[in-house]
Amino acid sequence: MILKIEALNFAYNKERVLKNINLEAEKGKLITLIGPNGSGKSTLLKCINNYLVPNQGIIKIKNKNIKDFTKKELAKIIAYVPQASETKFNLNVFETILMGRKAHSGWKATQKDKGITARVICEMKLEKIAFKDINNLSGGQRQKIFIARAVAQEAELILLDEPTNNLDLKHQLEIFEMIEKEVNTGKTVIVTMHDLSLVNRFSDRIIMLKDGEVYSDDTAYSLSASKINSVYGVEVSLKDHKGSKIIIPEKVVI
Amino acid sequence: METNELSIEKKIIKEEKKNSNKIIFLSLGLILLIILASIYSLFVGAAELDFSDLVRVIFEGERGMIYNIIWNIRLPAILTALTAGMGLSLAGVVMQSILKNPLASPFTLGISHAAAFGAAFAIVVVDFSNFPLLSFLDGFYLPSVSAFIFSQLAVIIVLLISVKQQASRESIVLAGIALSSLFTAGTTALEFFADDLELASVIYWTFGDPGRTNWNQFFIILTVLLISLVYFIYQGWSYGILNSGDELAASLGVDSKRLRLFAMTAASILTAVIISFVGVIGFIGLVTPHIIKKIAAGNQRQLFFNSALAGGLLLIIADNLARTLFRPVVLPVGVLTAFLGAPLFIYLIVKGRQIW
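Protein chains in written order, with our numbering: chain E, 1 to 254; chain C, 1 to 356.
Because the hints were derived from the structure by calculation, they are not lab data. As the structure is a prediction and not an experimental result, all values here were calculated from the model. No residue lacks a Cβ here, since even glycine has one placed at the ideal position from N, Cα and C. Hints may contain errors.
[Said to hold, decoys possible] Beta-carbon label-pair distances, calculated as ranges:
no., chain 1, residue 1, chain 2, residue 2, range
1, C, Thr265, E, Asp211, 52 to 60 Å
2, E, Pro36, C, Thr188, 57 to 65 Å
3, E, Pro36, C, Ile8, 40 to 48 Å
4, E, Gly115, C, Leu321, 46 to 54 Å
[Stated by the list, open to error] Below, computed lysine-lysine pairings styled on DSS-like, alpha-carbon distance capped at 27 Å:
no., chain 1, residue 1, chain 2, residue 2
5, C, Lys14, E, Lys132
6, C, Lys293, E, Lys108
7, E, Lys114, C, Lys294
8, E, Lys125, E, Lys29
9, E, Lys132, C, Lys294
10, C, Lys257, E, Lys128
One chain only, chain E, in its complex shape:
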């Protein structure tokens, strides 16, 4: 069990965002968090990443309370790709991915770190843009680079906050293929998403959040029209397609 969350509560000021969350995550699984905007998905990721400190409850990483880790120790176990990464500064792709090695080294990147960075660049097929300034790349390419950085971090648990937002179809699929590859090597990936058809196709497990509470926690097959209706307030129809389900939004339920 890589992650265990017990009775987690989180509030921004007085507003309760997460209410009594209990979750466990096992190794080698792709777990998706879905739910409407403001349901607490990103906040939950930030709590798991120890960036936000919950008001109540315990988060355990490998059976150890997250509070008992130093920042550096935690960075070796958990990698995180935030929703919007700032890229104001000139950095090339290599340097950006190399950042993932910070927790593993001291003040300076070692030859090993550079080797791992080069390997990840090849694995993710980024060699053609390896020394381009990331500010001159498309949003899709940038997102791939940020995920590559999380991969270079060699963490067992990878948290991705809406990694496919604003991306075209090709980049969306490429990103999910990158994620699948990581899951197949035994890593646990927790993703927040809005595209339910993609979620359904790739996830091992889908957790639905509604108003800061876990509404359902099940396999992809169990995603039903009635659940989506009550969480999102939208009527949908589901179509079977190659063993997965495609979700078609029909109309808003008032």
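With chain E held as given, fit chain C onto it using these hints.
Structure of chain C alone, referenced to chain E:
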């Protein structure tokens, strides 16, 4: 396929090495230029010296006026220009990085003006002559100490503004402008009440000049510079990561709060020490990081180091110009950097976001 991928990996590592070597060449080039400019500066000034004078002083042990010019006037001035330029530039590039603001520098944030006000305050208002025990303070060090205290005050205000309400970069610079005008107004008011001697001394302070330091003051600046430089080079990688936002930095194991506090403290002490001995020298800290970025930024560590070197070089050159343009009148270098820096500052504002 496997071997193919391996060779591509090797190629990438090679390319990375080549890129970083390029930056090392830039550093070496800057160091060479600094040495050349320093040697040239030894000969240039109100009194003309030539090579034989230098040989006589260094190798034949001649003592006298030329020895005095070289050892007590030129050399401390050149070395102070070098270290002050490096320090102001380092402080500028650090502030730009920490506040995520390309317009940040000791000068634009009002820290320099606060120091000038502090010096003026000490010169005009404070008078220890009636207190025999404290009268030793009334010499050269009192304006410096007062400049230091007031510049720290400005830093604290800027820090509070940037931390308290997640201020935008514009608002930090605007706060800096407000602080600058406030302290400039304060200095002007003091000038109004000053007698002739005090007035001359206040104006002297508002336009910095590395030529006014002695060896002791140079060594104080050097010590603070070296400590800061070593710290920022050591932590360069972490500061680079900080640029990508606190959230990401935390997930990569970097403690952003502590780093930011350390950086602002170190940069402001460095600035305050330099300004309190040398006087206000504007725009060096603002402009050099941008020049280096135009040439080749490299990573954060290299950017810190090369910006510092370029700042040292620029101030040596500017000081040379200031001493020779209107010979035999020696212009304070602060006047010159203001004339050169202001148009560049406007250029940066106009070009603004394209540069970043």
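Right, here's what the structure says about each hint:
no.: 1; hint: C/Thr265 / E/Asp211: 52 to 60 Å; in the structure: violated, 44 Å
no.: 2; hint: E/Pro36 / C/Thr188: 57 to 65 Å; in the structure: holds, 59 Å
no.: 3; hint: E/Pro36 / C/Ile8: 40 to 48 Å; in the structure: holds, 44 Å
no.: 4; hint: E/Gly115 / C/Leu321: 46 to 54 Å; in the structure: holds, 48 Å
no.: 5; hint: C/Lys14 / E/Lys132; in the structure: holds, 15 Å
no.: 6; hint: C/Lys293 / E/Lys108; in the structure: holds, 21 Å
no.: 7; hint: E/Lys114 / C/Lys294; in the structure: holds, 26 Å
no.: 8; hint: E/Lys125 / E/Lys29; in the structure: holds, 24 Å
no.: 9; hint: E/Lys132 / C/Lys294; in the structure: holds, 16 Å
no.: 10; hint: C/Lys257 / E/Lys128; in the structure: violated, 36 Å
In terms of the numbered hints stated before, the structure departs from hints 1, 10, listed from lowest to highest.
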